[in-house]
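S.K.: These are the residues of each chain, in order.
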Amino acid sequence: MRIAAQPEYAGSASLRRIAGYGPAIVLLVTLVLLWELAVRASQISPRLLPSPFSIVQALFDNWDVISGHTLQTLLETVIGLGIATLLGLTLAVLLDLSPWIRRAVYPLLVISQTIPIIALAPLLVIWFGYDLAPKVIVVTLYCFFPIAVACADGLLGTDTDLLRLMQSMRASRWQILWLVRLPGAMPSFFSGLRIAATYSVTGAIVGEYVAAYRGLGLYMEEAAHSFAVVLVFAAVLVTAVLSLLLFGFVSLLERIALPWYQGAQR
Amino acid sequence: MNARVRLLLTIALPIILIIVVVGVFVLREPTTTTSSQGTTKSASLTHMTLALDWTPNTNHTGIYVAMAKGWYRDQGIDLQLLPYSSNINPDTLVSTGKADVGVSSTESVVADYGVGQPVVSIAAIIQHNTSALVTRADSGLNSPRDLDGKTYGGFGAPYETAVVSQIIKHAGGKGVFKNVTLNVDPIQALKSKQVDFEWIYEGWEGIQAEREGLKLNTFYITQNGVADYYTPTIVAGPNEIKQKPDLLRRFMAATSQGYEFARSHAQESAQMLIDQNKGAFPDTGLVTASQNYLSPRYADPGRKWGLQDAAAWHGYPEFILNTGAVLDASGKPIKSINPDALYTNQFLP
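So the protein sequences, as listed, match chains B and Y.
Going letter by letter, the first sequence gives residues 1 to 266 in the working numbering.
Going letter by letter, the second sequence gives residues 1 to 349 in the working numbering.
Don't read these hints as lab results, they were simulated from the structure.
It is possible that part of the hints are untrue.
[Unchecked claim] Partner residues are not named here, just some residues of chain B that face chain Y (Cβ under 10 Å, in silico):
#	residue
1	43
2	47
3	82
4	129
5	214
6	252
[What the hints assert, rightly or not] Below are the EDC-like pairs computed for lysine to aspartate or glutamate, each with C-alpha atoms no more than 20 Å apart in a straight line:
#	chain 1	residue 1	chain 2	residue 2
7	Y	278	B	64
8	Y	278	B	61
9	Y	174	Y	212
10	Y	98	B	131
Ideal Cβ placement from N, Cα and C applies to all residues, glycine included.
With these hints in hand, go ahead and build the complete structure from the sequences.
M.R.: Here's what the structure looks like:
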């Protein structure tokens, strides 16, 4: 009985899931249509505001060039996000070791986020050159903070009853961390990771905008200097899709890691 | 799925994603070449880097021609172009030794001198200043005098207020205007009436405006009270000049060959610029039109490309020094300058 019921349940769940996106899709399509109509009706110069249709067309016409730039940006993004995740997790555990460390390090983390990247990025290029390193560093700087903070907060919020139970069973500090606190912090960790994934592509583009041989940021800059606004928008579209895909990937991971949590959310 | 499988998947999937992206990137890499030329026999070639002042355009044509023709390789140079950056001055790269040579301008060379970041101009790319202040033809701003109190869309350089102000005063105005630093295309800013006037290169933005059907009032700066000076120019650092004079001589031999070719073969050289910057010029017609404008202007007829006259290197520094716009590293105006230290023709063939 139970086995037979499961696929049906899963099916209706994913249907419900897709249906959940309905309002967003309707709103998006409406906005895009309004944009298209507004551009056509008002005769705005396509050099000031291209229509959505012409943007998609330009994207397909220039895909051979844009795809190379996209791959470069994606590479910088995933490496940077990977490093940021490891760094964020490590920092969260470190912050959790003692209240003293937390009090000492936490303000530094916040300060690291107050540096305007636009001022730092040119220096990174002068220090590390034009290749991958400065962009990966920018992505990491953008992304580690939400992960570290969300995860550290998650660790703090451990169920005190569970803690007492573990202590009464003489569990070591690391056993408590591994068995109770880290799993308990996972929902917060994934919230942080989702925010980080959303920012990550933009981080790579900021890095490329400063100086690069290849990448969507460079492409946007070149297109802007060649007065091709439609290509700038095409690159923006690719950026948005990449960000959404990464966001989706993190949500997928979360569903695998915490199926009960995702289920409970709805 | 049990907990262990879930944990493994959660860790493995991101790693797989990174491996896949890196893998695809590495696989595609050999098909796309960088701007470095002559990788096969680069062992015998001297590696050299050049920092651009802007995304590739017709000011740079001669360099791209010499690269396409293999003239740098003939001189034993493996030239690599550093990508343009809106936030890193080529002069900084040259004076810190991160680049061997760069594309700059008289204005920047003088400003660099002030802050103690000296670079030396080794060739003038265009013999006369082709920059101009422009307004919309339908704006009613028909003389630089009318620009008082209007909004100027600038690019954030330390010298621009002094130059623009001088032009307005020269026409009988007060020289007071609003300066908004823009990071957008100047012609689009004019078109959408966000600003009243701009300072542009006739050979690029001027032609763009023409192609877009935007009528402009053009006030060339050299006809409006500003001394003629070279922009853009090719610069090198003082250390480079002391330590590698031979390399610079060979570099200039190939570069000058490239610009001389571009002077007489506008169409062909524009095509080389376009071919080496795939995807950078959606409107190739703009490149050709700009090249047709610029080719005869790289140097006056009968004159060798690249030569710099003392008159040009004295006029502008004196003018800008008097306005108090040349600042030292602590932001105070400097009093004197030795213009003859700012340029040299010794590396030209």
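S.K.: For every hint, state whether the structure bears it out.
M.R.: Evaluation of the provided hints:
no. : hint            : in the structure
1   : 43              : violated (14 Å)
2   : 47              : holds (6 Å)
3   : 82              : holds (5 Å)
4   : 129             : holds (8 Å)
5   : 214             : holds (8 Å)
6   : 252             : holds (8 Å)
7   : 278/Y <-> 64/B  : holds (10 Å)
8   : 278/Y <-> 61/B  : holds (13 Å)
9   : 174/Y <-> 212/Y : violated (33 Å)
10  : 98/Y <-> 131/B  : holds (14 Å)
In summary, the structure is inconsistent with hints 1 and 9 from the numbered list given earlier, while agreeing with the others.
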